[in-house]
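> Each chain, letter by letter, is given below.
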Amino acid sequence: MSQNALKQSPLVSIHQKLGARMIKFAGWEMPLWYSTIAEEHKAVRQTAGLFDVSHMGEIVVSGPGALQTLQGLTTNDVERLKIGEAQYTLLTTNQGTCIDDLIITRVQRKKFLLVVNAANVKVDFERITTYKAPETTVSDISLNNALLALQGPNAQRILSRCTRDDIAELGYFKVLRTVIRGSLVDISRTGYTGENGFEIMIPTNNVFRVWSELMEQGCEEGLIPCGLGARDTLRLEAGLPLFGHELDTEHTVLEANLGRFVRFDKNVYFSGKAALENQRAKGLKRVLVAFEMKQRGIPRSRYEIQSRDDEVIGRVTSGAHAHTLNKDIGMGYVEMSHAAVGNDIFVVIHRKPTRAQIVKLPFYHRKSAKKEGRQ
Amino acid sequence: MNCNEHENHEVPEGLYYTKEHEWVKVEGDTATIGITDPAQCNLGEILECGFVLEVGDNVKRSEEIGYVEPEKIPSDVYAPVSGEIIERNERLNTKSLEENKENLVSINEDPYGEGWLIRIKLSDVTELDDLMDSVAYKNFVQTEGKQLL
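Which chain is which? The protein sequence lines are A and B, in order.
Residue numbers for the first sequence follow our numbering, so the first one is 1 and each next one is one higher.
Residue numbers for the second sequence follow our numbering, so the first one is 1 and each next one is one higher.
The set of hints was computed from the structure by calculation and includes no laboratory data.
Owing to the predicted nature of the structure, the values given are computational and were not obtained by experimental measurement.
It is possible that some hints are incorrect.
[Unchecked claim] Think about it this way: if two alpha-carbon atoms lie no more than 25 Å apart in a straight line, the pair counts; the simulated SDA-like pairs of lysine to any residue are: (1) Lys121/B <-> Tyr78/B; (2) Lys24/A <-> Glu20/B; (3) Lys327/A <-> Asn139/B.
So here's chain A without its partners, still in its complex pose (with noise of 0.2 Å):
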């Protein structure tokens, strides 16, 4: 059996000067933190981050037939995009479980450029290209490109010093070609943190300059490489789903909480509809609840969840020390009656069930949290 060697980022030699502590993460040897989770994480709330996402799978559907096969596959309507706008979505199965979830922009009229997850690269291709619709050309283009995501407060105004087009005048969820340091770049507001900030695709022989332009214009405004460690405490705070934790082919997208992207009304029959149809007229059985610690303990993905009365009722999905918030956080899909906000639930840690309450979502909120004067 062959052993397939670890993918590297582009910028790998500058993740090894850095002296960055390095992980494995879907077939790639990415960085988990250059100095510390926790210090990294709250210099995106305070000032800014940015982050390698190379590892990021990037498809074109294109032609005729692309609005047609993204319509049928995916869960929001594609329609509604004009150019230039992204939106986030769900490939879904036809249970109405989740296969990636991802953001697709509407580059051109028929050419559509989607953003998904490295570890679901090869199924997503697959799926799309046995599906498409006639005249329609799929090609994974995710070698050819880099991507990094300048976050945090300060980013607009970083990201403003490297390009002559206004940042400024970006709107949410759209994409503005534009120039860093002689590389054609795109650039979206479009984030994983719960900050302000950018996702920046550059061609992936330009992204060594790209990450050098930003950082030395970062540098006086507190930006810092940050790596996917504090990605995942930031994305758990703002309450945002990561495939392979919440959500899988296992759970449906109306489990996972995600029916605000599940546009029923599209004119169009979607991979999935009337299963989740029938699980909407029936009810849920279980569904993702996110909670808060009320004892001592880190709960993390698979640990059991019980209620009072030593119950199974659920597991965690997501868990982790809350840097902002000072308190530890996670998600977990638990049975439906016992679901309710304020509801005590019982994390095994170590053995012990431990005691924690499900609380509403977002865990942080960056426009309630700067009222508070807390960031």
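Chain A is fixed; fit chain B onto it per the hints.
Below, chain B without anything else, positioned relative to chain A:
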């Protein structure tokens, strides 16, 4: 500190080491135990620390004596030798005490000193023969290679 640069890790002579990355300091029939510098570097910032055994309990080697909770993956700590638990470093016990959280920095910054976790009264000195010395442990860490999570 770059965890991939094994040469920079502290692995003091005169201590015993285990494959689970614990160190053992023997003074008479008392063994003091903690986690090694390569281990703490790999794990990252320790956020919680707890013991599963009490003072006075007897422990067989390889039994779990406690755990540390770093950012990403909790790590159990095992008894490298058998004996009786005679002391726990309560300064680092965050199981029930909020205040001890600042003390946990000892595990990362002083793993062989203030970062000690537990003391055992040895019941079988010959068990030490099965442990590694600093040279063997340094080799072990090197050959385990770039230990990615």
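> Now tell me if each hint is right for this structure.
Hints and how they fare:
no.	hint	verdict
1	Lys121/B <-> Tyr78/B	15 Å, holds
2	Lys24/A <-> Glu20/B	20 Å, holds
3	Lys327/A <-> Asn139/B	39 Å, violated
When each numbered hint is compared with the structure, a violation occurs for hint 3 only.
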